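J.: Turn these sequences into a full structure, and let the hints guide you.
Protein chains in written order, with this note's numbering: chain A, 1 to 533; chain B, 1 to 126.
In case anyone wonders, no lab produced these hints; they're calculated from the structure.
Being a predicted model, the structure only gives us computed values, none of them experimental.
Honestly, I wouldn't trust all of these hints.
As the list claims (entries may be wrong) - Footprint (simulated), chain A over chain B, 3 or more residues, beta carbon under 8 Å:
{"hint": "1", "stretch": "47–61"}
{"hint": "2", "stretch": "74–84"}
{"hint": "3", "stretch": "111–120"}
Unchecked claim - Reference excerpt, derived from the structure (chain A facing chain B, CB under 8 Å, subset only):
{"hint": "4", "residue": "TRP239"}
{"hint": "5", "residue": "ASN383"}
{"hint": "6", "residue": "LEU425"}
{"hint": "7", "residue": "PHE468"}
{"hint": "8", "residue": "THR470"}
{"hint": "9", "residue": "LEU495"}
{"hint": "10", "residue": "PHE516"}
{"hint": "11", "residue": "GLY518"}
Beta carbons are placed, not taken as given, at the ideal position from N, Cα and C, and that holds for glycine.
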Amino acid sequence: MVAVMGSSGAGKTTFLNVLARRNTNMEGNILANGRPVDPETYMQNSAYVMQEDLFLGNLTCYEHLFFTGMLRLDQSMTEEQVIAQVESLLKAMGLWDVRNNVIGNVGRGLQRGISGGERKRLAFASEIITDPPVFFADEPTSGLDSAKALNIVMMMKQVASLGRTVLATIHQPSSQIYNEFGYLCLIHKDPPAEDGTRPTEEEAGGHIVYYGPREEAIEYFAGIDDSLACPNHFNPADWWLLALEHTLFKAKDLADRFRASEVYRRMQARPIPTYGQVALSAGAGAANADTDASSTSGNKAPAAAPALSSGKVSKGPMVEDAMDLGPLDAREHIQAPWCKQCCLLQRRSFAASSRDPLLTYARLGQTLVIALIAGLIFLRLSNNQQGVQDRNGAVFFILINQSMSSVFGVLQSFPLEKPVLRRELESGSYRSDTWYLSRSVSEVSFQFIFPILFCSIAYWMMGLRDDFGTFLAFTGIVLLAANTAFSLGYMISALAPSVEIALALGPVTILPLFLFSGFFINTASIPVYFIWL
Amino acid sequence: MSTPAHVPAPVTASVNIVISGRPTPVLLLIRSRPHPYSFYTFRSEYFSFFKYGFSALSIVIWDGVDIPCEAGEKCLFESGAEVLDYLNLPPSNLVRDLAVLAGMVIGFRVFAYFFLILGMRTKANE
Numbered sequence: 001m002v003a004v005m006g007s008s009g010a011g012k013t014t015f016l017n018v019l020a021r022r023n024t025n026m027e028g029n030i031l032a033n034g035r036p037v038d039p040e041t042y043m044q045n046s047a048y049v050m051q052e053d054l055f056l057g058n059l060t061c062y063e064h065l066f067f068t069g070m071l072r073l074d075q076s077m078t079e080e081q082v083i084a085q086v087e088s089l090l091k092a093m094g095l096w097d098v099r100n101n102v103i104g105n106v107g108r109g110l111q112r113g114i115s116g117g118e119r120k121r122l123a124f125a126s127e128i129i130t131d132p133p134v135f136f137a138d139e140p141t142s143g144l145d146s147a148k149a150l151n152i153v154m155m156m157k158q159v160a161s162l163g164r165t166v167l168a169t170i171h172q173p174s175s176q177i178y179n180e181f182g183y184l185c186l187i188h189k190d191p192p193a194e195d196g197t198r199p200t201e202e203e204a205g206g207h208i209v210y211y212g213p214r215e216e217a218i219e220y221f222a223g224i225d226d227s228l229a230c231p232n233h234f235n236p237a238d239w240w241l242l243a244l245e246h247t248l249f250k251a252k253d254l255a256d257r258f259r260a261s262e263v264y265r266r267m268q269a270r271p272i273p274t275y276g277q278v279a280l281s282a283g284a285g286a287a288n289a290d291t292d293a294s295s296t297s298g299n300k301a302p303a304a305a306p307a308l309s310s311g312k313v314s315k316g317p318m319v320e321d322a323m324d325l326g327p328l329d330a331r332e333h334i335q336a337p338w339c340k341q342c343c344l345l346q347r348r349s350f351a352a353s354s355r356d357p358l359l360t361y362a363r364l365g366q367t368l369v370i371a372l373i374a375g376l377i378f379l380r381l382s383n384n385q386q387g388v389q390d391r392n393g394a395v396f397f398i399l400i401n402q403s404m405s406s407v408f409g410v411l412q413s414f415p416l417e418k419p420v421l422r423r424e425l426e427s428g429s430y431r432s433d434t435w436y437l438s439r440s441v442s443e444v445s446f447q448f449i450f451p452i453l454f455c456s457i458a459y460w461m462m463g464l465r466d467d468f469g470t471f472l473a474f475t476g477i478v479l480l481a482a483n484t485a486f487s488l489g490y491m492i493s494a495l496a497p498s499v500e501i502a503l504a505l506g507p508v509t510i511l512p513l514f515l516f517s518g519f520f521i522n523t524a525s526i527p528v529y530f531i532w533l
Numbered sequence: 001m002s003t004p005a006h007v008p009a010p011v012t013a014s015v016n017i018v019i020s021g022r023p024t025p026v027l028l029l030i031r032s033r034p035h036p037y038s039f040y041t042f043r044s045e046y047f048s049f050f051k052y053g054f055s056a057l058s059i060v061i062w063d064g065v066d067i068p069c070e071a072g073e074k075c076l077f078e079s080g081a082e083v084l085d086y087l088n089l090p091p092s093n094l095v096r097d098l099a100v101l102a103g104m105v106i107g108f109r110v111f112a113y114f115f116l117i118l119g120m121r122t123k124a125n126e
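T.: Take a look at the structure:
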């Protein structure tokens, strides 16, 4: 179990992203068990618990783990076996009591879900369920009290003791937490120069100044300089950051010094890692392009390469001088068959959306109230000259109302799911087409119920045309138009990175369509200078 | 090199069609009526599902309806057909409207899927 530590902005998270192959803009090699990794299977065989956890907020803890399990576990397992595993995991994680609670969505103040600590544990559970050989965790303890943080760390230790490699970036660990880690990886970055000169590419990056057994770090740094020696009774975790922050040593010099050290030599030659059968060796330095705009923009900046290779650390045996532990990708992940994916995803998205208050109760209330009010305003339209304009207005109103509530319904809910989708696609849980298809199908049911309800109330109250056949045709067209609006909402949501942007883009896109509906202005009368719109 | 006046302007590219006697670039070939001044025919009007929806709904509501006109009353409309004519919505457009709406549902969805996948691809490498 390795603790990755360093000051904020030194590039801990970037380092982890590179190792987990979530960031592919860096140059360098990632070796696992001394072999280069196969990007495809590596992603599926490594688990990554991110700093901010992502869930479909409307699922319960149990549902979340169940669907994750069904999609990602060995496909030869029966549903009962998956359920059994999910249940034992819930118990082990201390989530049994909240298993039927809705997870909740932090970004949406409406629903209160499970607590922060429970979310973190659930995030762990959803990764542990697949039993990955390599486990990354980005700041798993941030925002938790020390007891909960220790709880999480003990859990990671338990994973590590089963023979898994665990890498976690960690902020301000208590000495108790710090002492649980077997290895320490310390990343240091030079503070910005006081005279404002831009650091060179190599200086700007973070460097690994220590990577080795945790206990030996004290001795190692004391051996460099007295100013780095950790005082007695001082939490080493605090000390490293404090000492490095004020040190006069350059990060690069410290890194060079480390590579000349005995610890480094031993780590390189280490025959079998202490924890786990899987040893990672990363040829990627920490976050070279992390803060420097010039190198971030130019992907794979060649200038970054020397620093990256110089930051090379080995977390395990090299092939030639050590026991071969076999390739990491021995266990190939097989996705669920297409139909099963569709079926599961549809069940999941139905479970999620049927519990979404915006999609159900709010929409239901909205539909009923607006239908009644509109029905009363346009009550029993008379069939005469005055009735003509009223009738046109009523028709147009129904169309606009149903289309708009469709568009804005999507814009408010769909972008929230995109980060979850990205995560799950990265981990290879399912294909993108099955997700899209099943999501669309489960939405369609909502897209049918509400317009039909609305039309049934409003049409007859208004007495648009007292003929059942016309009513059916009318409702059908409203459904078609509402679904067109809904699809447009999908398109806007797919383009927009967040709900806010989607909601800003929506009206801009719809307004011209609205104006040119043929109701406000006969399209033949649109002035020449506006026809480009 | 000059072209003699009596030779009609040839249709040189598939995007140019001749409307009202002059070549017009056409990106979308659905035109309800030719516009004598159209120089740019990509118009959001063609994407207005409100337009097609309103057209189809109006046709369903008004087609074949008689509007009673009492003696001595000054009547603007005596039948639904006249209303549709006033709104410039010929009943024959119904099938076109439905087809365009259905096409839009599919089209928007397909585009949405591609945008989504594209977004996932690029974001993943940030």
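J.: Work down the list of hints and note, for each, if the structure agrees.
T.: Evaluated hints:
Here the stretch 47–61 of chain B counts 14 residues with a CB under 8 Å from a CB of chain A, which clears the bar of 3, and the coverage holds. Counting residues of the stretch 74–84 of chain B whose CB falls under 8 Å from any CB of chain A gives 4; the rule of at least 3 is met. Note: the stretch 111–120 of chain B has 8 residues with beta-carbon separation from chain A under 8 Å; the three-residue rule is met and the coverage holds. Checking A/TRP239 against chain B: minimum C-beta separation of about 34 Å lies over 8 Å; hint violated.
A least Cβ separation of about 6 Å between A/ASN383 and chain B falls short of the 8 Å threshold, and the interface hint therefore holds. At about 6 Å, the closest approach between the beta carbon of A/LEU425 and any beta carbon in chain B falls short of 8 Å, and the interface hint on this residue holds. For A/PHE468, the suggested interface contact is broken, since its CB lies about 13 Å from the closest CB of chain B, more than 8 Å. A distance limit of 8 Å between C-beta atoms decides the matter here; for A/THR470 the minimum to chain B is near 6 Å, and the interface restraint holds.
Against a cut-off of 8 Å between C-beta atoms, the interface hint on A/LEU495 holds, since the closest Cβ of chain B lies about 5 Å away. About 4 Å separates the beta-carbon of A/PHE516 from the nearest beta-carbon of chain B, less than 8 Å, and the hint is met. Annotation: interface hint on A/GLY518 holds; nearest CB of chain B at approximately 5 Å, less than 8 Å.
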